[in-house]
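Chains as they are written, first to last, in this note's numbering: chain A, 1 to 374; chain B, 1 to 316; chain C, 1 to 300; chain D, 1 to 257.
Hints in this document: simulated from the structure, not taken from any laboratory. None of these values were measured; they are calculated from a predicted model. Do not rely on the hints blindly, as some may be mistaken.
Said to hold, decoys possible - Using 20 Å as the maximum straight-line C-alpha spacing, the simulated EDC-like pairs for lysine to aspartate or glutamate come out as follows:
#: 1; chain 1: A; residue 1: Lys258; chain 2: A; residue 2: Asp218
#: 2; chain 1: B; residue 1: Lys190; chain 2: D; residue 2: Asp145
#: 3; chain 1: A; residue 1: Lys93; chain 2: B; residue 2: Asp108
Stated by the list, open to error - What follows is a list of derived Cβ distance ranges for each label pair:
#: 4; chain 1: B; residue 1: Arg4; chain 2: D; residue 2: Thr120; range: 56 to 62 Å
#: 5; chain 1: C; residue 1: Met229; chain 2: A; residue 2: Lys183; range: 51 to 57 Å
#: 6; chain 1: C; residue 1: Leu73; chain 2: D; residue 2: Thr56; range: 27 to 33 Å
#: 7; chain 1: A; residue 1: Gly295; chain 2: C; residue 2: Ile158; range: 43 to 49 Å
#: 8; chain 1: A; residue 1: Lys183; chain 2: B; residue 2: Glu151; range: 37 to 43 Å
#: 9; chain 1: C; residue 1: Arg88; chain 2: A; residue 2: Lys285; range: 54 to 60 Å
#: 10; chain 1: B; residue 1: Phe76; chain 2: C; residue 2: Ala162; range: 56 to 62 Å
#: 11; chain 1: C; residue 1: Leu188; chain 2: D; residue 2: Ser93; range: 23 to 29 Å
Stated by the list, open to error - Here are a few chain A residues that sit away from chain C, every Cβ distance over 10 Å (derived from the structure):
#: 12; residue: Phe205
#: 13; residue: Leu231
#: 14; residue: Asp255
Note that CB positions come from ideal geometry on N, CA and C, so glycine has one too.
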Amino acid sequence: MRILTKVATLVALSVFLVTAGSAVDVIKIGVQAPITGKYANEGQSIDNGVRLVIDQINADGGLLGKQLEVVTCDDEGKAQKAAICARKLVNEKVLAVIGSYTSGATEAAQTTYYRNKTLQTSDGTSDSLTKHKYWTFFRNSFQNSAQATFTANYFVKEKGYKKIVVISDYSSYAVGLADSVTKAIENEGGKVIYQGKIKSGTQNFTAVLTKIKSMNPDAIYFSGYYTDGGLIRAQQLQLGIKADFIGGDSNDNPDFMKLAGKSAEGTYMINFPTPDFLPYDAAKKFMKDYNKKYGKDPASVWALMNVDGLSAIVHAVRETKSLDTKTISNYLHKLKDFPGITGPVSFREDGERINTKFNVYQVQADNSYKIVNK
Amino acid sequence: MMSRTNIIALIFLIIMGLYPLFADSAWLAIGTTFLVFSVVAFSQDIILGRAGAFHMGHAAFFGMGAYTTAILNVNFGWTILATWAPAVLIPVIVSFIVISPIIHLRGDYLLVATIGINIIFLQILENDLFGLTGGPNGIFGIDVLKVFGYEFFEQTHMYYMSFILLGITLFIMKNLDSSKFGRAMFYVNKDDVAAQSMGINIRYYKMYAFAIGAGIAGAAGSMFAVQYSAVSPEAFDVLQSIMFFTIVLVGGSASLPGVIIGTFVMFVLPEIFREFETARYLIFGLAMIIMMILRPRGIWPVKFGNIPSFLKKGKK
Amino acid sequence: MDIFLQQIVNGLTIGSLYALVALGYTMVYGVMKLINFAHGDLVALSAFAGLTIYTSIFSNGGTSIVAVITVFLFTAMIIAVVGVLLERFAYKPLRTAPRLSAVVSALGAGLVIQNAIMLIWGPNMKIFPSDLFPSTVYDINGVVITFTQFMILGLSSILMIALYLFINKTKMGTAVRAVAINQDAAQLMGINVNKIIMIIFIIGSALGAVAGLFIGIYYRGITFDMGWMYGLNAFVAAIIGGIGNIPGAMFGGLVLGLFNALISGYISSAWAETFTFTLLIVVLIFRPTGILGETVAEKV
Amino acid sequence: MSKYLLEIKNVSKFFAGLTAIDSLNLKVKKGQIYGIIGPNGAGKTTLFNCITGIYTPEKGEILWNGKDIKGVAPHKIAELGILRTFQTIRLFSEMSVAENIMSGRHIKSKQKWYNGIIHTPAYYKDEKYNWEKTGEYMELFGLSDYATTPTGDLSYGIQRKIEMARALAAEPKLLILDEPAAGLNENETQELAEIIRKIQAMETTVMMIEHNMDMVMNLCEYMTVINFGAWIYDGVAADVQNNPAVIEAYIGAEDED
């Protein structure tokens with residue numbers, strides 16, 4: 001028994017030394033993103049984007065004289081996996097976590113990061129992400145409600161839709177967006193004749209669409225993700241429903257066009273400016289570097305948003321010369337117009353990014369985008 | 001004199017008890033989940049390995065415990081300690097309600113019906129029935145255990161809480177095995193016609209197994225919810241049930257060391273081989289096939305003959 | 001009324017896919033008393049293999065009957081071979097082992113196939129070209145049938161009738177039925193049981209392959225883990241119809257497809273599986289061996 | 001109180017239109033060794049299955065101490081004191097001899113539902129008592145040496161004994177033996193007969209199906225002969241042996257074999 005205790009102490013001591021030794025030299029940055037699963041191409045883009053920027057920072061001499069190291073954890077876009085990732089990244093003692101892509105996975109991890117004083121920045125758009133007012137959390141995109149107001153205004157004022165159908169899946173993000181859009185449309189004086197839900201991943205949406213067909217709508221708005229949106233659009237036209245199809249921000253992905261095939265043409269997307277349309281030089285340079293390193297473009301603007309979140313944190317560390325997350329957070333809460341690749345980055349007291357704008361794109365025959373809003 | 005099983009159990013408990021001294025926090029987290037999963041695997045074993053009911057929906061009971069704690073704590077503000085009793089009792093009550101109409105189904109039919117129960121449970125969670133379950137995102141921000149002002153939030157605390165739960169589970173299993181109830185389950189499992197001719201009410205003992213199994217799984221679920229501070233539907237899906245089912249059969253039905261080994265092989269090994277990320281489940285599947293071909297009754301099959309020593313006279 | 005008819009058409013389409021997959025389950029179960037958990041993953045494998053064959057041989061795209069027939073034949077052959085290998089390596093060594101060991105082996109085999117797909121084709125969704133079949137749409141009094149739906153309904157009916165005739169009218173089919181009833185007796189009568197089991201895996205896998213290709217063509221997006229969902233639904237269909245019973249699997253598939261479409265259309269797609277499994281449990285409570293299954297008296 | 005321990009009144013059992021038992025009547029007195037004989041397929045085992053609740057007869061009454069027990073669940077029948085053995089041995093073959101016999105003590109054990117989770121002083125007393133009883137029955141059948149051996153590893157003759165010991169451990173009022181001598185050699189059959197006598201001495205009524213005529217005639221005080229599910233004759237051994245209908249049934253059956 002005494003020998004066992006000795007061995008145990010020895011092992012514990014060496015473990016302590018090893019971890020203590022490694023913690024000094026590098027600053028770890030966590031990436032929590034869906035590397036596999038349904039949203040894999042978005043998750044991989046985020047991971048790639050972060051690694052690209054970090055490589056550049058390291059090549060320029062690092063941060064506060066230290067090298068940065070990326071630790072990626074795959075949350076598969078699932079809440080429970082996200083909770084496990086949170087524990088893992090906290091155990092790795094990362095300074096900040098970039099991600100995740102989905103609001104659900106982001107929210108599931110939030111509390112753990114907050115309890116362990118780890119910064120987190122995500123592109124999740126659910127309003128609820130900032131409701132706790134955790135000082136560790138920064139949203140690098142925009143709130144659903146902002147998008148909803150824009151969408152409603154476009155539907156009612158610009159297009160003059162009379163009969164609008166709103167569809168979502170069951171995720172809190174999509175339901176939240178659909179509810180806000182419905183409410184906003186009614187505030188604008190428009191009419192939502194049907195609000196339906198589909199089960200993500202079931203592939204067969206004809207049952208709901210057949211029901212919608214009988215209502216003869218002039219617009220179908222889908223607030224869920226591209227993996228379902230592309231199929232809904234294709235099945236809509238197969239069933240001979242003539243209505244316009246308008247997808248919320250999460251439909252903006254190349255796979256949408258592949259899934260919809262020829263039916264993609266004429267589809268509308270409402271999103272933050274997509275990478276190609278970003279007017280900033282920094283964005284153009286980022287896209288070029290990304291393409292050079294990975295041989296393809298990032299899946300969508302979300303990777304760029306997350307990169308901006310990372311850049312803002314790195315900027316704050318440089319300015320405050322501190323690795324204390326509370327100090328960094330205090331600085332970020334007052335950040336104004338930091339030049340990001342998706343435009344100026346400013347945060348509110350609750351970690352909300354301010355000053356974001358939207359566009360409506362129409363998909364052309366060659367699958368390119370055209371801005372159609374005023 | 002101690003029996004071989006008791007010695008093995010003691011060595012195992014000592015190793016697991018000292019484990020936090022050796023492990024860093026990441027490994028401690030894996031160790032904690034290992035303990036929780038072994039508890040669930042034992043409860044699955046009561047139903048599958050002992051009573052012989054083909055039950056492939058155990059994640060539902062595990063999830064019921066987890067969600068009971070999560071809902072009562074987050075939505076109703078109960079303390080974690082106060083949620084323990086309902087986290088055990090609700091799965092027990094639900095098992096009575098949903099299993100009793102199908103308990104008479106034979107073999108594979110019961111297997112599919114229990115998969116169905118798991119899927120229905122999952123759908124209730126995903127569809128946010130009564131606005132309680134949080135839909136596909138689940139419930140976040142579950143509290144930690146607080147007793148007399150102490151907060152047990154560190155990984156080591158979680159580990160030892162799970163360790164104690166495993167201890168309690170082993171204690172119950174031991175008591176079960178040496179009682180009329182544990183034996184009756186085996187009789188029903190091995191030959192149900194002979195068992196009922198001996199006066200054993202098959203229905204009663206299968207339900208008894210389900211009730212105890214559900215209760216223990218519920219307790220483990222409660223622990224799981226607190227450990228990760230979040231619960232969400234996919235942690236309790238059919239694939240998870242299949243894992244518990246496989247743990248028991250790969251390790252050895254009704255065998256205490258077998259179930260522990262099964263949990264280790266099915267849960268910890270994949271964690272160790274995380275480096276081979278992409279190929280690991282492929283290898284894992286192959287291993288399942290090979291294991292069943294080489295050891296169809298499990299790695300460490302059960303040995304019967306656990307009788308009082310005064311009866312052990314023979315040499316044969 | 002035409003909405004109801006539209007739902008019926010939609011339901012029959014998915015129902016006949018379930019039926020094709022269910023036949024694979026029911027034939028294996030009938031002969032080996034084994035739930036072939038890997039069958040759904042074979043269906044998924046077929047969709048991926050078919051996509052690769054199509055894009056590598058007919059990369060210029062475009063609809064051509066030759067292309068479609070080639071893809072279907074090649075894919076069905078490949079999946080049949082995989083099915084036979086599956087039986088040889090994962091199930092045959094376990095024929096005399098405890099029943100649950102074979103179940104675990106089947107689960108392991110499913111994991112192997114699923115992850116092999118992921119390693120070969122990657123974890124992301126792959127998308128079928130939209131021009132494999134012409135995008136013609138038939139509108140019959142407001143009820144819309146696409147060419148693809150028409151093909152699914154037509155080809156699966158033909159395959160099912162062919163299988164029914166094979167099982168009931170040919171010598172080989174009689175041998176299959178004999179092995180299903182009593183393996184030992186069939187062996188004594190000079191039937192080569194191994195050969196029959198091989199034939200069953202060939203037919204079951206090939207039918208699953210056809211279903212897999214149709215899933216790809218009809219729904220376009222395919223993922224490495226989709227086999228599980230289709231497999232489970234098809235398996236439930238087989239049980240509802242009466243597992244081990246070939247017309248039962250066809251009947252069960254169509255019933256489940258229709259039931260699903262009507263539930264999704266008139267109640268909620270979110271509860272579709274709850275209704276599916278409630279139906280299953282109710283059927284099992286009242287008819288423990290399925291709707292068309294025979295009740296077997298137990299011998300004591 | 002009825003005069004008879006068990007009374008079968010006009011019992012009929014059908015399988016998919018076939019008549020397995022046809023309006024059968026018989027009466028078993030307390031303390032008897034009662035034989036049921038008849039050719040293969042005569043419906044003897046079906047009759048036992050009806051008595052023990054595995055089958056429910058479509059017609060007639062099964063009176064136990066004057067009360068109808070038709071359609072009562074098998075485990076309840078066992079609780080009433082009717083225990084049985086099987087024609088094809090049904091032991092819990094992976095389990096040890098002691099554990100098998102202990103299953104007979106199930107209905108005598110007074111453990112409460114919570115004793116499966118937590119043990120109480122009453123549990124310890126009950127558990128010890130029943131294991132001791134198990135030990136007594138192992139002693140009685142000469143099985144003590146095999147206490148920890150899995151029954152599947154033992155010879156046919158010993159397995160038959162274990163099955164009887166298991167049923168007897170439940171202290172039955174009526175013990176039903178389905179071909180107890182099948183597969184036994186002459187010595188073992190001899191031993192078996194002695195054991196059955198001992199059982200009778202323990203005030204247990206015995207009903208048995210047996211093809212070994214020497215043993216039946218030697219042991220059974222009264223017997224009923226059935227063929228094609230129907231009564232042919234009943235009486236004491238000497239009468240049965242000389243009855244022309246019985247002889248014909250047996251010879252006819254042998255022709256068919």
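Exercise for review: Give me the numbers of the hints this structure contradicts, sorted from smallest to largest.
Suggested key: Hints 1, 2, 3, 4, 5, 6, 12, 13 and 14 contradicted; others consistent.
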